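Line by line, the protein sequences are chains S and C.
Okay, so the first sequence: first residue is 1170 according to our numbering, each after it adds one.
Okay, so the second sequence: first residue is -6 according to our numbering, each after it adds one.
These are calculated hints, taken from the structure and not from any lab test.
Among these hints, one or two may not hold up.
To be verified - Straight-line alpha carbon distances no greater than 30 Å define the calculated DSSO-like cross-link-like pairs of lysine-lysine that follow:
id, chain 1, residue 1, chain 2, residue 2
1, S, Lys1552, S, Lys1567
2, S, Lys1288, C, Lys178
3, S, Lys1567, S, Lys1490
4, S, Lys1288, C, Lys254
5, S, Lys1539, S, Lys1567
6, S, Lys1288, S, Lys1333
To be verified - For the chain C half of the interface with chain S, some residues (derived, Cβ under 7 Å), not all of them:
id, residue
7, Arg208
8, Gly224
9, Leu225
10, Ala228
11, Leu266
12, Ser270
13, Val283
Stated by the list, open to error - Rough simulated footprint, nothing fancy, chain C against chain S, three-plus residues with beta-carbon under 8 Å:
id, segment
14, 1398 to 1405
15, 1467 to 1474
16, 1517 to 1527
Owing to the predicted nature of the structure, the values given are computational and were not obtained by experimental measurement.
Yeah, the Cβ is synthetic: ideal placement off N, Cα and C, and Gly gets one too.
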Amino acid sequence: MCLSNDVLLKMTGMEIEFPGVKALDGVDFTLRRGEIHALLGENGAGKSTLIKCLTGVHRMDAGSIVLDGQSIRLTSPQDAQRLGISTVYQEVNLCPNLTVAENIFIGRQPMRRGGIDWKTINARSSELMRRMGMDIDVTLPLSGYSIAVQQMVSIARAVDINAKVLILDEPTSSLDDNEVRRLFDVMRELKKQGMGIIFITHFLNQVFEVCDRITVLRNGHLVNEWGITDISRLDLVTSMIGKDMNEIYNLKKAEQRGDAPVVLAASGLGVPGKVESISLDVREGELVGFAGLLGSGRTETAEMLFCVQRPARGSVSMRGKPVGARIPLDSIKRRMAFCPEDRKRDGIVADLSIRENIVLAVQATRGFMKPMSMAEQQELADKYIRLLSIATPDAEKKVGELSGGNQQKVILARWMATQPDLLILDEPTRGIDVGAKAEIQRLMLDMCRQGMSIIFISSELDEIIRCSNRIIVMRDLQKAAELDGEGCDQSAILSIIADEETGREAV
Amino acid sequence: MLKAEPRRQSALTRIFNPKYIMVYATLGVFLVIYLFGALMYGDKGFTTLRTLTLMFSDNAYVGVSAVGMTMVLITGGIDLSVAAVASLTGMFVAYGVTVLGLDPWVCVLFSLAVGTALGLVMGAAIHYLNVPPFITTLTGMFMARGVCALISRESISIDNPTIDYLAGLKWYIMRLQDGEWVKLKPVAYINLSVLIFIAMIIIGTIILQKTRFGRNVYAIGGNEQSARLMGLPVARTKVLVYGFNGLCSVLSGIAYALYVKSGWNLALQGSELDVISCCVIGGVMLSGGVGYMQGMLLGVLLKATIPAIITFNGTMNSWWAKIFTGLLLLLFIIIQRVVVASSDRAKKTE
Chain S
1170 MCLSNDVLLK
1180 MTGMEIEFPG
1190 VKALDGVDFT
1200 LRRGEIHALL
1210 GENGAGKSTL
1220 IKCLTGVHRM
1230 DAGSIVLDGQ
1240 SIRLTSPQDA
1250 QRLGISTVYQ
1260 EVNLCPNLTV
1270 AENIFIGRQP
1280 MRRGGIDWKT
1290 INARSSELMR
1300 RMGMDIDVTL
1310 PLSGYSIAVQ
1320 QMVSIARAVD
1330 INAKVLILDE
1340 PTSSLDDNEV
1350 RRLFDVMREL
1360 KKQGMGIIFI
1370 THFLNQVFEV
1380 CDRITVLRNG
1390 HLVNEWGITD
1400 ISRLDLVTSM
1410 IGKDMNEIYN
1420 LKKAEQRGDA
1430 PVVLAASGLG
1440 VPGKVESISL
1450 DVREGELVGF
1460 AGLLGSGRTE
1470 TAEMLFCVQR
1480 PARGSVSMRG
1490 KPVGARIPLD
1500 SIKRRMAFCP
1510 EDRKRDGIVA
1520 DLSIRENIVL
1530 AVQATRGFMK
1540 PMSMAEQQEL
1550 ADKYIRLLSI
1560 ATPDAEKKVG
1570 ELSGGNQQKV
1580 ILARWMATQP
1590 DLLILDEPTR
1600 GIDVGAKAEI
1610 QRLMLDMCRQ
1620 GMSIIFISSE
1630 LDEIIRCSNR
1640 IIVMRDLQKA
1650 AELDGEGCDQ
1660 SAILSIIADE
1670 ETGREAV
Chain C
-6 MLKAEPRRQS
4 ALTRIFNPKY
14 IMVYATLGVF
24 LVIYLFGALM
34 YGDKGFTTLR
44 TLTLMFSDNA
54 YVGVSAVGMT
64 MVLITGGIDL
74 SVAAVASLTG
84 MFVAYGVTVL
94 GLDPWVCVLF
104 SLAVGTALGL
114 VMGAAIHYLN
124 VPPFITTLTG
134 MFMARGVCAL
144 ISRESISIDN
154 PTIDYLAGLK
164 WYIMRLQDGE
174 WVKLKPVAYI
184 NLSVLIFIAM
194 IIIGTIILQK
204 TRFGRNVYAI
214 GGNEQSARLM
224 GLPVARTKVL
234 VYGFNGLCSV
244 LSGIAYALYV
254 KSGWNLALQG
264 SELDVISCCV
274 IGGVMLSGGV
284 GYMQGMLLGV
294 LLKATIPAII
304 TFNGTMNSWW
314 AKIFTGLLLL
324 LFIIIQRVVV
334 ASSDRAKKTE
């Protein structure tokens, strides 16, 4: 692999301070012509902040940016684009109401006889998309196309701006394997043309597949820069999280006593077309893992237990008493709690503070006639911030401003505060980084040790196996098997999931 | 695999591009209602050009304002001050000409300056201070109404040769008969207000479809955050859109003043909602990002057809017009929801 040494972009001593947090502290970053440079780090390491300095979204407090030998100052995204710095964001940042072609050309439309030259726009867009391997009608609105196509459109836009620097901020998170491969082909092609590409991703195998160089950030500091061949995968992970992997995953399952009382008993629960008929018991202090493919009925079962979706038949009882719930509040009052899958939509209230988010469920159980005093609220919030080590300057920060892992902790805190007997967690570790994942898992196990029962739904088999006392495998809207958590391995679960489903990839 | 949707770019598919769906809905409903009127009252002259031009001239002031409103709605905003600003324009002209004895052109220029400035200020408040457009323009509406009442509580009639001349301008629609141009029977003509309306529709269409500014308007309505990240001048565009709408409000006020030849502080109360409903019926989405001047024009015509039918009927109370307009509005809002929901569904199944 040849590494060019022709420096294209040099950022030195970058510093940014947000209220209460130093987001970047003296970070250096160098990008050379014709290289794909991975920028890695955990959530909150400062990757996004660094990128936003480079795209003119954030104003830096200190530091310098030199592009092509010239010192530059960026005050707006327009500035960055004019200088040849283009960005493709993780969430597609295009306008769904405009056509594909217009999304590629808006802001720099070719003009003809005093008006926008739509013919040229459509023809050139069509050509651009075809060169990226996509033969689509560019005159249709963007909203009609899949996320993968939209992602490619935003890359086409970025590329056509004649960018010198292309920033790809987690472009692959919503693409499947083939789409990723096609994206990589495009990236290699652009690299050959001498473009410098900054590639941000959470997928390490992708880093080793296309990148030439790696820079790792941690907590707003630069850890180091390596050539791709100079570092092993394990060292890379260790440098990102700053701790040894083994140390992180040194988790012990909660001991399970065979004579523990049954907390939750469900029998014959079902909703036509969603879950056939499911029965299960959960004992005190037990962690029951739900494995299975997306759409196998995992989430639906959880929603029936908590009465988000009212079961059409069957019954649920808590500690021997029938729940008879009609709405989730009934379930809460029976000391159940549920953290839904989509934390952005169903979990956090982004515009409220951490304190307000934490007290929500407790307040709901007390009824609005008995408001909690401010002091009580603060005490509760501070307690859980400490307990769960939520990284925040204070309890009044808006939840929307926290990183994914910390948001998840706030939701956990919300439900822990109700002191439930049974906590249902649907994908609590999705989209958060390795360190935070381990922390969440440790918290779950601690709670079990203190006598709480947990139903844990996850797509990642290894974490299910690592934590569960018992594993329920779902397949085709039914319970396919119930396994003992001890001595269970991935292949056993996979073969159950794969039964009659061969050809579909698990997890 | 990336879905390689077949490329279809024939003339037919260009016309049936889903982005025009709302315009077609309006066109369809307009044709149905117009056809109904034609069948019922064709013998009484419903289908004559005269009826059509009268529908134009009776609603020109609403239409002129709707040009600006369409742009505001496309950005995802709303402007409640339009009718108040139009009324204020009438007051400026009436008071200036009748009481102060100023030249009417001076009054018109003054109104244009004030209306545009107010629009720009509101746009700036909306963008820079992040005040919701509803509140900002509500404030603008109260201020404009307040100034109207300050000028005079009484209706002031306009008695001025220039205004009379402008209001009396008529262009008859002629036809060729035996090598000679003769007036159409029954007589059909357009006046200055209609001319302003048509000119503004053309200008609005050119701005929206042929200029970068116009496309930025759509982009902002589609996703303001994206528009900013794509490097589009969001602030400038938003402020200018409200400024342009202020200008349209003033022109609308002038059209109205020519229509009634007076200024009154309570004139046009509630008309801002007429303007907004014309846009919505014309397929402009209140959520922003979607809308065409052509659709709005059809919306104005559709909204004018209903009272026309009721007038031709002769027995129905004119309040029925309100009820039918309400139903129409409901219909179009439901259509909009269905369109949005079905496009959401299409995305999910991909």
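Hint by hint, here is what the structure shows:
1. Distance hint between S/Lys1552 and S/Lys1567 is fulfilled; the C-alpha atoms sit about 17 Å from each other, no more than 30 Å.
2. Proposed proximity of S/Lys1288 and C/Lys178 is contradicted: the alpha carbons are some 44 Å apart, above 30 Å.
3. Taking the CA atoms of S/Lys1567 and S/Lys1490, the gap is near 39 Å; set against the 30 Å cutoff, the hint is violated.
4. Our distance criterion of 30 Å between C-alpha atoms is broken by S/Lys1288 and C/Lys254, whose separation comes to about 47 Å.
5. A distance of roughly 24 Å separates the Cα atoms of S/Lys1539 and S/Lys1567; the hinted pair therefore holds under the 30 Å criterion.
6. A threshold of 30 Å between alpha carbons decides the hint, and for S/Lys1288 with S/Lys1333 the separation of about 27 Å falls inside it, so the pair holds.
7. Below 7 Å, beta-carbon pairs count as interface contacts, and C/Arg208 has one with chain S at about 6 Å; its hint therefore holds.
8. For C/Gly224, the interface hint holds, the least distance from its beta-carbon to any beta-carbon of chain S being 4 Å, beneath 7 Å.
9. Using the Cβ-Cβ criterion of 7 Å, the hint placing C/Leu225 at the interface with chain S is satisfied: the shortest such distance is roughly 5 Å.
10. With a least beta-carbon distance of about 10 Å to chain S, the hint placing C/Ala228 at the interface is violated under the 7 Å criterion.
11. Annotation: interface hint on C/Leu266 violated; nearest CB of chain S at approximately 25 Å, more than 7 Å.
12. The interface hint given for C/Ser270 is violated, since its Cβ lies 22 Å from the closest Cβ of chain S, which is over the 7 Å cut-off.
13. Restraint check, C/Val283 versus chain S: the minimum CB separation of about 6 Å is within 7 Å; hint holds.
14. With 0 residues having a Cβ less than 8 Å from any Cβ of chain C, the segment 1398 to 1405 of chain S misses the three-residue criterion, and the hint is violated.
15. Only when three residues or more bring their CB closer than 8 Å to a CB of chain C does the claim for the segment 1467 to 1474 of chain S stand; here the count is 0, and the claim is violated.
16. Counting residues of the segment 1517 to 1527 of chain S whose CB falls under 8 Å from any CB of chain C gives 0; the rule of at least 3 is not met.
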